[in-house]
Amino acid sequence: MDYLLHILVMVSLYAILAVSFNLLIGFAGLFALSQAAFFGVGAYTTAILATKLGLAFPVPLLAGVFLTAALGMIVALPALRIGGDHLVIITLALQIIVIAVMVNWRSVTGGTDGIAGIPKIHLGGAPLDTPARFLPLALAVAMLSLAIAWRLAASPFARAVRAMRENEAAVQAVGKNIVAIKLAVFAFSAGLAAVAGGLYAQYISYVSAETFTLDLTIYILAMVILGGTGNLWGSVLGAVILTALPELLKFVALPPDIADKSRQVLYGLALIAILLLRPQGLLGEIRAPRRRIARAPAAGAALESDLPADGRVTVEGKGLMRRFGGIVAVSGLDIELRRGRIIGLIGPNGAGKTTAFNLLTGFLRPDQGTVSLNGVDLTGTKPHRIVRSGMARSFQDLKLFPRMTVLDNVMVALPRQKGDNLFYVFFAPWIVAREERANRGRALAILDFVGLGERAGDTAENLSYAEEKLLVIARLVATEAQVLLFDEPLSGLAPNTLEAIFPIIRRLAAAGRTICIIEHNLDVIRGLCDTAVFLDEGRKLAEDAPERLIADPALAARYFG
Amino acid sequence: MKKAIAAILALVLLAAGAARAAEPPKDPKSFPIGALLAMTGQASFYGQVMSQGMKQAVDEINAKGGIDGIPLEAVIEDHKGGGGQDGVAAMNRLISIHHVQAVLTSFSAPTIAVAPIADQQHILMVNGGAVSPQLVGLSKYLFHNRSLSTDLSRIAIAYAAELGGKKLAQLQWQNDVGDNIVKIADPLWKKDGGTVVATEAVAQGATHMDPQVAKLRAANPDIIALWTFNPETGLALKRIRDFGMKQPVIGVDFTENDAKIAGAAANGFHFANDYFAPSDSEPWSKQFATDYKKRYGTDPDFYAANYYEGVYVIAECIKRARAKGGDYWNGEALREALLSNPKFNSVYGGQMVFQPNGVALKRTALFTVEDGKRKFVKFLEAKE
Amino acid sequence: MDLVLQLIVNGIINGSHYALLGLGFGVIFGPTRITHFAFGPLYALAAYAVWTAAVPLGLPLPAAAAIGIAAGALFGVTTYRLLYRPFERRQSPSLVVLIASLGLFIVLENAIGIAFGSDTKVIPNFNADVILLGPVVFTSVQAAQVLALITVGSLLALFLKRSDYGKAVMAMTDNPEMARIIGIDTVKVATLAFALGSAIAAVPAMLILLKEGATPYMGFNAVFMGFVAVIIGGIGSLSGAVIGGLTLGLVENLGTWQIPTEWQSTIAFIVLFIVLLFKPRGLFARGAR
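Residue numbers (our numbering), protein chains in the order written: chain U, 964 to 1524; chain E, 3 to 386; chain C, 1097 to 1385.
Honestly, the hints are just simulated from the structure, not real lab data. Where a beta carbon is used, it is the ideal one built from N, C-alpha and C, also for glycine. Misleading hints may appear alongside valid ones.
Unchecked claim - Derived CB-CB ranges, DEER-like: (1) 1189/C to 1462/U: 41 to 47 Å; (2) 1386/U to 1370/C: 33 to 39 Å; (3) 25/E to 1029/U: 58 to 64 Å.
With the sequences and hints as input, model every part of the structure.
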């Protein structure tokens, strides 16, 4: 019967919308409120091209997808650049502005009249002009959309996204461009919403601004939340329930004058009840199961290439200065890091050591001074670019990706992954698969190198403290940066653990890496470093062999007093 | 030989035709009549009064034994006053589950969206509330028993011309209805040398119209035109007086709700409307109004009247179609019944005639508001 | 020039309304971080409470007003204890609480419609005085809206700065974790915040009742504007919410000065967009994220 078939068509369209919204909110953690606007832009584009230009399916729909994806990116870019959680308001503004444009731009959108009489889709010569005839197409497109979203969520790109959600600073520190990632997800989500829009336009054959308001965005949001963010099947389920529920309630007989309002009341109560029973949503987030990673042969060496450990200067920080408000954190700092050498950075708390690291790696912009790597000026460059240029750092507070596996923590840091590029993910999946296999081998080799090979399949948050420190090192090595800056890599570890880790770092230096370590433990400095640099009050006070520095009474007074 | 065959054929056909005519009517158990109304959402006031009018008619007819003993059934579906897809779902439900053959519809967007379905499934549709000119001629099954807003605006402008004054300020609904009224009214006013000093738009459902009214005031008009409907009309009247503007105000709509909102500010408002004025000279309208007040506690406005009347139009069509016998309970037969004699009794008094474009010609008149109540002033010729 | 003055005055008046909404919403959102969607229909409910007291029950306006404020506070507290507390206890993510609030929104809006009908409720025979001040005109109700902002704002500021509970509210806004650690009973303070915010919302609600009447669906706009005012002003800053609300009102009115009024709703948002480009956390944000 047509009624049921119509409901199924609408469920298909809403499923596409819910999945598209979930990609943004659940998958990428971007809370935006413009999904109905994207749906509308897709619908209107299709309507205009099909009606006024007479273009046949699927041209108008595809045009709608590209236009909407572009719009999504244009709007998101300023919001993401600045970062922060006012993406909500900006997308809310977009939602409202899009409606106003639909209503006022009469010559193109028909203004308040909307666009009526949109031609039906013709497949195989027959028009899809009834719910029965349209449903197969709707279902097919819905399943295709789900498949595409699924592929996205299982790709290396998704790994980077997941890491981004766990810790944005850390994912930048492994060389990922988070703005580009967010834009890609935005474009994808908007484009997918436009697919639903294109179908809608040629199904109902009438579009008007009233359909695409904030109310609809919130309705789709409810489907996503109900189904469980981070679970694509959940979004489909959410679409089914929230479309079917109001229709099922219509079978409940009620006095006509309050019938529909009462049904809305029941609907609201049902929503609350479901959420109370399953606050995480009906279907939970799909987690990587703890699995024993097959001991694949360590393919490739842990260290990509050995450089000469000749002490040549690789990193130069000159005259670096940075202040915060009235406080000068670092001033007049000159620092040189050398290939094959391990330099220790010591000083009392608040001396500016971590600030120095932040300045060198782009996490902070120096107010004055320059940073260069192998003669190339990197001052003011974004962190992820500096990583790709060859200088990477770890964090004092680890910033691991706790809910990802040990293996994934390392794999996400490997550079130049084609799987990060959506084009390859969808159009050259075999290349991505091959690279994944190779990368897996390399990641396992790196884990073996630091001694974590047995724990590859465990979730990072289940590691012991010492194992976490090893993972930090592994992740940093995985970036293949030739300059490695470790921020308190060994703090809090027992002496025998320290002794076990020393060879790892020495091995890195011997392979031509430039190493700089911030440490408080003087035994570490003495045991590991070729040179030590003493910082206090943001300035370099001394640079010398560790024993001589430690023996200096004036410095000792600063350090301990 | 050929002649004989022809003759036999003719006889057979004649017999068949006669048999068809004499065929007993295929009666359903009841006549479900659908309605697509705004029962929830911002515009639910309309749904409330429209459904009230409809139910009153259904109850009345059933109390008298239904149509030839078969009862009517009112099946009301909610399209929330929103976009097309809710209307489509509701229409599909009416057809698939309730097997309606006639539907009372309201609001432009849902009506436009379901018009193709009416065409495909042959369902008679009667619109008593939506005013968009887009709806005219949209479907051969769609009929309207209310005057177009554009026609009403012609009358309002004619009255404004009578008042004298050259400068007109307009406040319109920010949608296709408002746009289309302005498209007609604007050049009409200018044709005789008048000027339009301001045209402001307010969104349907927006209660905040201070900037618009401030701009109207600054334009210093002689006359103000309200191309708005409930409740913006009431709100605008109030704000206009709040802003201290004393100019005469004309419009095309005024309901009980507007009267409540505007209070004393509505007095003196002149508006063109379908001539719905319950009075002793029009017994049916008086009886309708009295019963409505008894049932629901308020006076009816013409929206309630239109949907009450719409049921009677459909009932009349059913009666006519049934008289022909056979399989008459379908939209096609009902439509033919309507067209066979486009004159119907109107609850407004007298009769209304459905024109070829599907719009019923009713008497329209100029009304004013006195003591918060509408008062008939006179019949006025629309300005051409 | 006259028009501009009038638009500015209107902007301040409407801005006061939005500012009050921002204060109400902000007082709740700051310490609890709950996106209290249902703030909208609760605001409407307060208006209906005043109407019920004034019309069917025939009480004088001041008494009705007091009932409205008390009712508002009561509804707010009930909502917190019955709806949000269970989610808090389960430590649900904030998005889930948002949707639960949406569920309540739908329930309340339609419940009001069932109980009172969809027509507009007004206080009959109430006529506001029209006041002319040079080229500018406004009514006594509109003046009351501005006065209400000043009164409520001052009282609120006093309460938050001077009283122990008020300081607890500010502490929770700044840093909920720390507040818990130093021994503040966060549930009690949150309950208070809900009572306070809902009581504040009752004030603009009853003024709107006097100005335009009450409808079951009047809540959506209220919560929307309250939310936006808080975001513009910066979460956690109540003076920011006031500035945010006034800004919204001024932009909404002045924005139409030279621009056709069709764009009224979008002007405010375009300005908002620009503000947030330069000040991503709002004008005066405070508090840990």
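Evaluated hints:
Our hint of 41 to 47 Å for residue 1189/C and residue 1462/U holds, since their Cβ atoms are close to 44 Å apart. Hint check: residue 1386/U to residue 1370/C, Cβ distance near 34 Å, so the stated range 33 to 39 Å holds. The hinted range of 58 to 64 Å is satisfied by residue 25/E and residue 1029/U, whose Cβ atoms lie roughly 59 Å apart.
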